[in-house]
Every structure is written in C-alpha cells, then in structure tokens.
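Peer 1: Chain residues, written in single-letter form:
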Amino acid sequence: MAVTGIIFVLYLIAHMVGNLKAFAGAETFNNYSEFLRELGEPILPRLTVLTIIRVVLLVAIATHIWAAVSLWRQAKRARPIGYVTKKRVQQSYASRTMRWGGIILFLFIVWHILDLTLGAVNPAGRDSLPYGRLVEGFQNPVVVIWYAVALIVLGFHIRHGVWSATQSLGHSNKRRERALNVFATAFAVVLIGGYLLIPFSVLFGIID
Amino acid sequence: MQLTLRVWRQPSPAVKGKMANYHLTDVSPDMSFLEMLDVLNEQLILSGEDPVAFDHDCREGICGSCGLMINGIAHGPEQTTTCQLHMRSFSDGDTIDIEPWRSGGFPVVKDLVVDRSAFDRIISAGGFISAPTGTAPEAHATPVPKVDADAAFDAATCIGCGACVAACPNGSAMLFTAAKVTHLGLLPQGQPERDSRVVRMVAQQDAEDFGGCTNIGECSAVCPKGISMETISRLNHDLLGALRAGAVPTS
Chain Z
1 MAVTGIIFVL
11 YLIAHMVGNL
21 KAFAGAETFN
31 NYSEFLRELG
41 EPILPRLTVL
51 TIIRVVLLVA
61 IATHIWAAVS
71 LWRQAKRARP
81 IGYVTKKRVQ
91 QSYASRTMRW
101 GGIILFLFIV
111 WHILDLTLGA
121 VNPAGRDSLP
131 YGRLVEGFQN
141 PVVVIWYAVA
151 LIVLGFHIRH
161 GVWSATQSLG
171 HSNKRRERAL
181 NVFATAFAVV
191 LIGGYLLIPF
201 SVLFGIID
Chain Y
1 MQLTLRVWRQ
11 PSPAVKGKMA
21 NYHLTDVSPD
31 MSFLEMLDVL
41 NEQLILSGED
51 PVAFDHDCRE
61 GICGSCGLMI
71 NGIAHGPEQT
81 TTCQLHMRSF
91 SDGDTIDIEP
101 WRSGGFPVVK
111 DLVVDRSAFD
121 RIISAGGFIS
131 APTGTAPEAH
141 ATPVPKVDAD
151 AAFDAATCIG
161 CGACVAACPN
171 GSAMLFTAAK
181 VTHLGLLPQG
191 QPERDSRVVR
201 MVAQQDAEDF
211 GGCTNIGECS
221 AVCPKGISME
231 TISRLNHDLL
241 GALRAGAVPT
251 S
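Protein chains in written order, with the numbering used here: chain Z, 1 to 208; chain Y, 1 to 251.
Check each hint, because a few of them may be wrong.
To give an idea of the chain Y side of the interface with chain Z (calculated C-beta under 8 Å), a few residues [said to hold, decoys possible]:
| hint | residue |
| --- | --- |
| 1 | N71 |
| 2 | G72 |
| 3 | I73 |
| 4 | D94 |
| 5 | D97 |
| 6 | R102 |
| 7 | G104 |
| 8 | F128 |
| 9 | G134 |
| 10 | A149 |
| 11 | S172 |
Listed next, the stretches of chain Z that the computed footprint assigns to chain Y, with coverage defined by at least 3 CB atoms under 8 Å from CB atoms of chain Y [claimed, not checked]:
| hint | region |
| --- | --- |
| 12 | 94-100 |
| 13 | 164-176 |
Below, in silico cross-link-like pairs of lysine-lysine (DSSO-like), each with a Cα-Cα straight-line distance of 30 Å or less [said to hold, decoys possible]:
| hint | chain 1 | residue 1 | chain 2 | residue 2 |
| --- | --- | --- | --- | --- |
| 14 | Z | K86 | Y | K16 |
| 15 | Z | K87 | Y | K110 |
| 16 | Z | K87 | Z | K21 |
| 17 | Z | K174 | Y | K16 |
| 18 | Y | K16 | Y | K146 |
| 19 | Z | K76 | Z | K87 |
| 20 | Y | K18 | Z | K86 |
| 21 | Y | K110 | Z | K76 |
| 22 | Z | K87 | Y | K18 |
| 23 | Z | K76 | Z | K86 |
| 24 | Z | K86 | Z | K174 |
| 25 | Y | K16 | Z | K87 |
| 26 | Y | K16 | Z | K76 |
| 27 | Z | K76 | Y | K146 |
| 28 | Y | K110 | Z | K86 |
Calculated directly from the structure, the hints in this document are not laboratory data.
The C-beta atom is built at its ideal place from N, Cα and C for all residues, glycine as well.
Start from the sequences, fold in the hints, and give me the full structure.
Peer 2: Spelled out as structure tokens, the structure:
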C-alpha cells in the first residue's frame, strides 16, 4: 500500500505540473504531450520511456488493489458479528472513505484514460490533439463536475494515504505526528487545487 | 437516576444472542459502571432471572479484565477502563447500549464476556525476553537512555483490555502488538530477539483472525492507557528492519 502509494504520489506531482502547461497555450501543451512520447530519443525508440512509466503504474495499481482487497477481506473476517451501536471517536472522513473512494478512483481512472488519453468518450474524438480534447471535454459542465468530484475523492485518499504510509513505513512518531497530518492535508489541498484549475479554467473560458 | 439498559444476552457461544431491555431505578451518579451492573444483577437474581455475565477483576483500572462497548464506544464516553467510568458521565433517563467486544479473535463466551486468550498467544509468540533469571542485576550495568526508558514505559502501560481491537473499524489488534514490540524493542534487554519478535507476533496476530491496520486511529483514542499511534510506526519500523535483515514473513 505505502510503496505503491508513493509511486502514485510522485506520478501525480509530475502529471499536475504537466497539466498546468495548458495555461501556456495549445502549442506548448501539445508539444509537451509529444515530448513525453519522444522522451529518451534518440537513445531509445519512441514511446519507450512512456511505456515503462505505464507498466510501472499498471503494476503499482494492481498491487495497490490487491493489498486493499486483502485488507478489506481481512477486516470482514475480523468482525463477523457487527455492533448494534458503534460510534466514531476520532477517525477522519478521509480514513473511512479509503475503500469506496478507491473504487470511485479506479472507475475515474478508466474513464479519464478513455476520455483524455484515447479520446474514445471525448467530443473531440480519437484523432484529435490533446489540447483539443481538453478544451472540448471540459466545456461540458457535467464532465467538469464529475472530474471535480473524483479529484476531491482523490484529495481525501491522498490525505489519509500520506499519513498512513509514513506510519506503515515506520517513519512517524509522537513528535512528528501533528506535522505529518498537517503536511498530508496541505499537500492534498495544493495538489488537488492544481488539478482543479484546468477544468474550471476551460469551463469559464480562461483556457480556450 | 433512572436508566434503560439494552444489554447483549447470549447464553453460550453456540446460541444466537440478542439485545435485552432492563429498567433500573435509584442509580447513584457516584456508582461505577460495574457497580451499576451489580445492581442490575441483584435485581435479576431476586426476580429469578439469569444475571448478566461480565468480566471484571481489580476494579481500579489496572488489570484489563473489564471491557464493554458502551453506547458504541469501547469503555464508554470517558477514555478510561469501564470500571473507572462513573454513572455521573450519564444523564437521568438515558438509554445505554452495552455490548461485548466484537472480533473474530475474541469469541463471545457468555453475554458480555469474550475469550481474549488470542492476546496471550500473541504474547507467547514473542512478547518476552530470554534473560537469565536470578537475583536482580546491578542497576548501572546496562544504561538505558531516559527518553527510551520513558517511551518503553509508556508502551508497557498496556493492560491488554482489547479496547483497541473492539474500536478498530478493521478489527485489528495492531495497537496491542505494537505496544509490546515497542516496550521490549526500546530496551537493551529486548535486543537479541528484536527481529524474530516482531515477525512472530505479527504472524500470530494475523492467525488469530484480527484485521489489518490502516492507521485510522480509533484504537489510540479509546485506549484507557493512551498508547499512542507512534508504537504502530515503531512496530512497522522493526518489521521492515527484520525483513531487510533476512527474516522470512510467516503471514
């Protein structure tokens, strides 16, 4: 969970920085997309680096899901008879939405790839350029809301994930606990804020 | 005070249990929660009914025997043991739900009594040191830094009541195991078995049908001894260290 989570967080930072190039205009954005495909050329053939990144992410997501499912099943087995009354004492919203949030995120990722990577469910179609898909897709408020909801779910997932990963890797302690939780929240807010800028900028015509 | 109690009644492990309603009058706010249950039981005995079975021993918050889910919170509204909870924490006319700890690792024996011997098996898997016994060693022979001694002592205050398991949404016993691993792992006497201890105790914990830890923190929030989440981080640190040193995970 923790190790694959770190891979996702690193990827998400790079992805967010890449997205922000939308503000620099169509050419820069499309060139960046092309650069990702050419990365490593001419030493390596086209798409090599990108394929490696994709394989790493696929393996990481499979491992992440496998770990989540085994934890979920273990938790079910650990409490065969539930409580009649059970109250929450201090758990965060983020920590108790990890599982259903994870399922929402998985569905979102599938949609997101079909939408902006492949263009299959995008109004601009399959043969469009990345910038075209971005602008045409986010002109629909329903799409923007769906992305915003999924990103907020992702924010909560990251907020608990960052804290939980430091615990699972044995790097938390009483002194750091507060700072770690503040950092986890701040990081999630900044990252998700960065992501949310793009769809809303398109919707309000700042990017066109 | 007048109270309505909804208590889990289950005559034996094989029989399906259910919540039963009881009314109590003249409950003093100065009674402890267990004394209130004693009053209930006297009332039940006088009317020829089977008294409610519940675990208790020292009644001064140090043995870890008593443990009840009170209104959905392990040990009730105060962060202490059930025996140290007093009726002044409730109001006149309240309805109080009383249930046993719910965990695959803690099967119900009768009513509110659960079998917590899974904890003993986790301890016997590695929660000990193999030191030669005999007369007490010279106190200055093995210096222990003050910070480590304090942290080890904080972890050692765990009384094994099982509230952490009861409160955990995953039904995990991680805080209990972590407290023991931390307590021994911080002291020089605990070093020889440090790697094997954590691997074996975690394996035993998984074998007992406890859940996995996802660092939610409910355990620490209800722990009568305030064992901190730091211990879980220390356990994971030791576990990763043991695995790096070549230990083979057994779960």
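Peer 1: For the restraint on Y/A149, tell me whether the closest CB of chain Z is nearer than 8 Å.
Peer 2: violated, 15 Å
Peer 1: Could you grab the alpha-carbon distance between Z/K174 and Y/K16 and see if it respects the 30 Å cut-off?
Peer 2: violated, 43 Å
Peer 1: Y/K110 and Z/K86 were given as a pair; does the straight-line alpha-carbon distance stay at or below 30 Å?
Peer 2: Holds, because 20 Å separates the two Cα atoms, which is no more than 30 Å.
Peer 1: Does the CB of Y/I73 sit less than 8 Å away from some CB of chain Z?
Peer 2: holds, 5 Å
Peer 1: Does Y/K146 lie within 30 Å of Z/K76 when you go C-alpha to C-alpha?
Peer 2: Violated, at about 42 Å.
Peer 1: Between the region 94-100 of chain Z and chain Y, see if three or more residues pass the 8 Å beta-carbon test, and mark the coverage as holds or violated.
Peer 2: holds (count 3)
Peer 1: Less than 8 Å between beta-carbons is the criterion; does Y/G72 satisfy it with respect to chain Z?
Peer 2: holds, 4 Å
Peer 1: Interface hint check: Y/D94, Cβ to nearest Cβ on chain Z, cutoff 8 Å. Holds or violated?
Peer 2: violated, 13 Å
Peer 1: Could you grab the alpha-carbon distance between Y/K18 and Z/K86 and see if it respects the 30 Å cut-off?
Peer 2: holds, 16 Å
Peer 1: Quickly compare the C-alpha distance for Y/K16 and Z/K76 to 30 Å and report which way the hint goes.
Peer 2: Since the Cα atoms of Y/K16 and Z/K76 sit roughly 19 Å apart, the hinted pair holds (cutoff 30 Å).
Peer 1: For the restraint on Y/S172, tell me whether the closest CB of chain Z is nearer than 8 Å.
Peer 2: Given a least distance of 7 Å, the restraint on Y/S172 holds.
Peer 1: Would you check the hint for Z/K76 and Z/K87, treating anything up to 30 Å between C-alpha atoms as holding?
Peer 2: holds, 18 Å
In this structure, the earlier hints numbered 4, 8, 9, 10, 16, 17, 18, 27 are contradicted, and the remaining ones agree with it.
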